[in-house]
Amino acid sequence: MRLREPLLSGSAAMPGASLQRACRLLVAVCALHLGVTLVYYLAGRDLSRLPQLVGVSTALQGGSNGAAANGQSSGELRTGGARPPPPLGASSQPRPGGDSSPVVDSGPGPASNLTSVPVPHTTALSLPACPEESPLLVGPMLIEFNMPVDLELVAKQNPNVKMGGRYAPRDCVSPHKVAIIIPFRNRQEHLKYWLYYLHPVLQRQQLDYGIYVINQAGDTMFNRAKLLNVGFQEALKDYDYTCFVFSDVDLIPMNDHNAYRCFSQPRHISVAMDKFGFSLPYVQYFGGVSALSKQQFLTINGFPNNYWGWGGEDDDIFNRFDRIAHTKETMLSDGLNSLTYQVLDVQRYPLYTQITVDIGTPS
Amino acid sequence: MRFFVPLFLVGILFPAILAKQFTKCELSQLLKDIDGYGGIALPELICTMFHTSGYDTQAIVENNESTEYGLFQISNKLWCKSSQVPHSRNICDISCDKFLDDDITDDIMCAKKILDIKGIDYWLAHKALCTEKLEQWLCEKL
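Chains as they are written, first to last, in full-length UniProt numbering: chain V, 1 to 363; chain U, 1 to 142.
It cannot be assumed that every hint is accurate.
Said to hold, decoys possible - Below, simulated BS3-like cross-link-like pairs (lysine-lysine); rule was C-alpha separation at most 30 Å, straight line:
| no. | chain 1 | residue 1 | chain 2 | residue 2 |
| --- | --- | --- | --- | --- |
| 1 | U | K24 | V | K328 |
| 2 | U | K133 | V | K294 |
| 3 | V | K237 | V | K177 |
| 4 | V | K275 | U | K141 |
| 5 | U | K113 | U | K81 |
| 6 | U | K81 | U | K98 |
| 7 | V | K294 | V | K162 |
| 8 | U | K133 | V | K328 |
| 9 | U | K127 | U | K77 |
| 10 | U | K32 | V | K275 |
| 11 | U | K32 | U | K81 |
| 12 | U | K118 | V | K328 |
| 13 | U | K81 | U | K20 |
| 14 | U | K98 | U | K20 |
| 15 | U | K20 | U | K118 |
| 16 | V | K275 | U | K20 |
| 17 | U | K113 | U | K77 |
| 18 | U | K113 | U | K127 |
| 19 | U | K113 | U | K32 |
| 20 | V | K275 | U | K133 |
| 21 | U | K32 | U | K118 |
| 22 | U | K133 | U | K20 |
| 23 | U | K127 | V | K275 |
| 24 | V | K328 | U | K127 |
| 25 | U | K24 | U | K133 |
| 26 | U | K133 | U | K32 |
| 27 | U | K127 | U | K81 |
| 28 | U | K20 | U | K77 |
| 29 | U | K127 | U | K20 |
| 30 | V | K275 | U | K24 |
Please keep in mind that the hints were generated in silico from the structure rather than gathered at the bench.
Based on the sequences and whatever the hints tell you, model everything.
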């Protein structure tokens with residue numbers, strides 16, 4: 001009869017000797033995994049690979065590692081169903097002031113003070129119509145804000161974008177004549193990222209588009225909605241746009257299947273944003289990015305002009321909800337038909353048109 | 001093994017000292033006793049507080065002559081006491097800073113007084129955004 005030996009930790013006499021070996025093997029595998037991850041991470045810091053990551057689907061993007069798609073109710077998305085949320089790095093909203101390194105700004109550069117931009121007319125008769133869904137789309141994209149953006153370089157990377165941020169597909173005629181209106185004040189860093197990511201996407205979507213940055217002059221409370229109204233009117237002075245996409249400057253789509261164009265009804269494009277956990281914060285939310293055709297916009301008399309202090313500038317949010325409650329009543333009297341403003345400046349940059357406006361003060 | 005125990009304790013203590021951000025269901029659980037109080041159903045209240053403070057117990061908004069505190073954004077103009085408005089009526093008889101901690105029992109007590117005296121329209125968000133489509137504010141788990 002053998003006495004049972006007391007269990008000693010770490011002793012070779014322990015019954016789990018093979019267990020110990022298995023643990024060692026596991027540690028070795030983990031170390032190997034960490035090593036491989038480190039190699040990929042270091043490789044990923046190579047900036048010249050960025051266009052490849054952004055524009056072309058690689059093995060990295062194809063699988064479950066891809067960023068979550070913004071949900072669309074129609075059958076626009078090729079891959080249906082819910083996607084898992086992306087890894088922590090792939091947020092779609094940059095922090096303000098996060099860019100520490102100095103950036104060479106393309107700034108004024110070849111800007112001009114023209115009030116209209118001639119659009120090159122291709123012989124429309126010889127070109128086919130663009131397909132219903134663009135064959136150039138890549139799907140999920142990797143969005144990062146840890147590298148500085150040089151707008152001169154972005155302009156070089158997008159040689160087909162004409163002065164003022166205008167583009168039309170060369171090989172086909174697009175039915176989507178889209179003016180992208182961005183309400184703006186003092187967010188140059190966000191704008192740089194927006195242009196860097198969106199121009200390739202919009203070109204892949206084969207849109208006939210123009211970018212309009214509506215810059216509010218002065219220091220009074222930011223009035224996002226009124227700036228959008230101004231954008232609508234001013235863009236129409238350039239070209240016969242039939243569609244208007246209104247986008248905040250700090251929102252980037254994570255999947256280029258999110259079509260930045262118009263549909264049979266007004267469409268809320270930014271329905272699943274990382275900052276809201278990829279679900280709508282509440283059903284009535286219509287902020288972020290939305291698309292309205294010219295007719296739809298006119299039908300609702302545009303946006304209200306009296307929502308001062310919106311867009312995160314919470315100087316005095318006291319009246320905000322009061323105005324929402326009365327919107328239905330004021331729709332007919334407060335909108336495009338009561339819009340007054342003064343254009344102070346129009347600048348045509350290679351990648352966008354900036355219109356600086358004085359929109360007055362809260363009455 | 002002994003090394004891990006203090007580490008584990010630190011690990012579980014850390015979340016406890018951060019600000020309290022309720023979820024819809026957590027807040028519904030805490031407020032279910034005042035469902036129907038002042039004629040206001042629970043989803044209306046949950047909706048209103050989402051738009052008012054985003055369920056953040058530390059929300060503080062400074063206006064020109066007053067400040068609003070906590071999850072219910074209670075104002076120091078009438079309802080609580082603070083140095084900014086020394087002559088406040090202080091109807092809830094409490095220091096406004098107490099509305100910024102994680103314990104919302106005192107906030108609820110004062111919110112009930114507001115409902116009694118002023119009604120739900122003290123919170124402007126209610127009329128604007130919380131009179132329809134209320135199903136989205138229900139917590140299925142309750």
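Right, here's what the structure says about each hint:
Between K24(U) and K328(V) the alpha-carbon distance is near 28 Å, which keeps this suggested pair within the 30 Å criterion. Proposed proximity of K133(U) and K294(V) is supported: the alpha carbons are some 28 Å apart, at most 30 Å. Among the hinted pairs, K237(V) with K177(V) is consistent with the structure: their alpha-carbon atoms are about 14 Å apart, no more than 30 Å. Taking the CA atoms of K275(V) and K141(U), the gap is about 24 Å. The hint holds against a cut of 30 Å.
The suggested pairing of K113(U) with K81(U) holds, with an alpha-carbon distance near 15 Å, which does not exceed 30 Å. Distance check on the hinted pair: K81(U) and K98(U) sit about 10 Å apart at the alpha-carbon level, within 30 Å; holds. Under the criterion of a C-alpha separation no larger than 30 Å, the hint pairing K294(V) with K162(V) is consistent with the structure, at around 23 Å. A C-alpha spacing of about 16 Å is found between K133(U) and K328(V), which places the hinted pair at or below 30 Å, so the restraint holds.
Proposed proximity of K127(U) and K77(U) is supported: the alpha carbons are some 22 Å apart, at most 30 Å. Between K32(U) and K275(V) the alpha-carbon distance is near 28 Å, which keeps this suggested pair within the 30 Å criterion. At most 30 Å may separate the alpha-carbon atoms for a hinted pair to count; K32(U) and K81(U) meet this at roughly 28 Å. In summary, the hint linking K118(U) to K328(V) is supported, as the alpha carbons are separated by about 25 Å, within the 30 Å threshold.
A distance of roughly 22 Å separates the Cα atoms of K81(U) and K20(U); the hinted pair therefore holds under the 30 Å criterion. Proposed proximity of K98(U) and K20(U) is supported: the alpha carbons are some 14 Å apart, at most 30 Å. A distance of roughly 27 Å separates the Cα atoms of K20(U) and K118(U); the hinted pair therefore holds under the 30 Å criterion. Between K275(V) and K20(U) the CA atoms are separated by roughly 18 Å; this keeps the pair inside 30 Å, and the hint holds.
Restraint check for K113(U) and K77(U): satisfied, since their Cα atoms lie roughly 15 Å apart, inside the 30 Å limit. Proposed proximity of K113(U) and K127(U) is supported: the alpha carbons are some 19 Å apart, at most 30 Å. A threshold of 30 Å between alpha carbons decides the hint, and for K113(U) with K32(U) the separation of about 17 Å falls inside it, so the pair holds. Between K275(V) and K133(U) the alpha-carbon distance is near 23 Å, which keeps this suggested pair within the 30 Å criterion.
Restraint check: the Cα-Cα separation between K32(U) and K118(U) comes to about 21 Å, which is no more than 30 Å; the hinted pair holds. The straight-line distance between the Cα atoms of K133(U) and K20(U) is roughly 27 Å, inside the 30 Å bound, and the hint therefore holds. About 26 Å separates the Cα atoms of K127(U) and K275(V), which keeps this hinted pair within 30 Å; it holds. Distance restraint check for K328(V) and K127(U): the Cα-Cα separation of roughly 12 Å lies within the 30 Å cut-off, and the hinted pair is therefore satisfied.
Note on K24(U) and K133(U): the hinted pairing holds, with a Cα-Cα distance of about 15 Å set against a maximum of 30 Å. With a C-alpha separation of about 19 Å, the suggested pair K133(U) and K32(U) falls inside the 30 Å cut-off, and the hint holds. Pair hint K127(U) plus K81(U) holds up; C-alpha atoms about 27 Å apart against a cutoff of 30 Å. Using a Cα cut-off of 30 Å, the hinted pair K20(U) and K77(U) holds, with the two alpha carbons roughly 25 Å apart.
Proposed proximity of K127(U) and K20(U) is supported: the alpha carbons are some 27 Å apart, at most 30 Å. As the CA atoms of K275(V) and K24(U) are separated by approximately 17 Å, the hinted pair is consistent with the 30 Å bound.
Taken one by one, the earlier hints all hold for this structure without exception.
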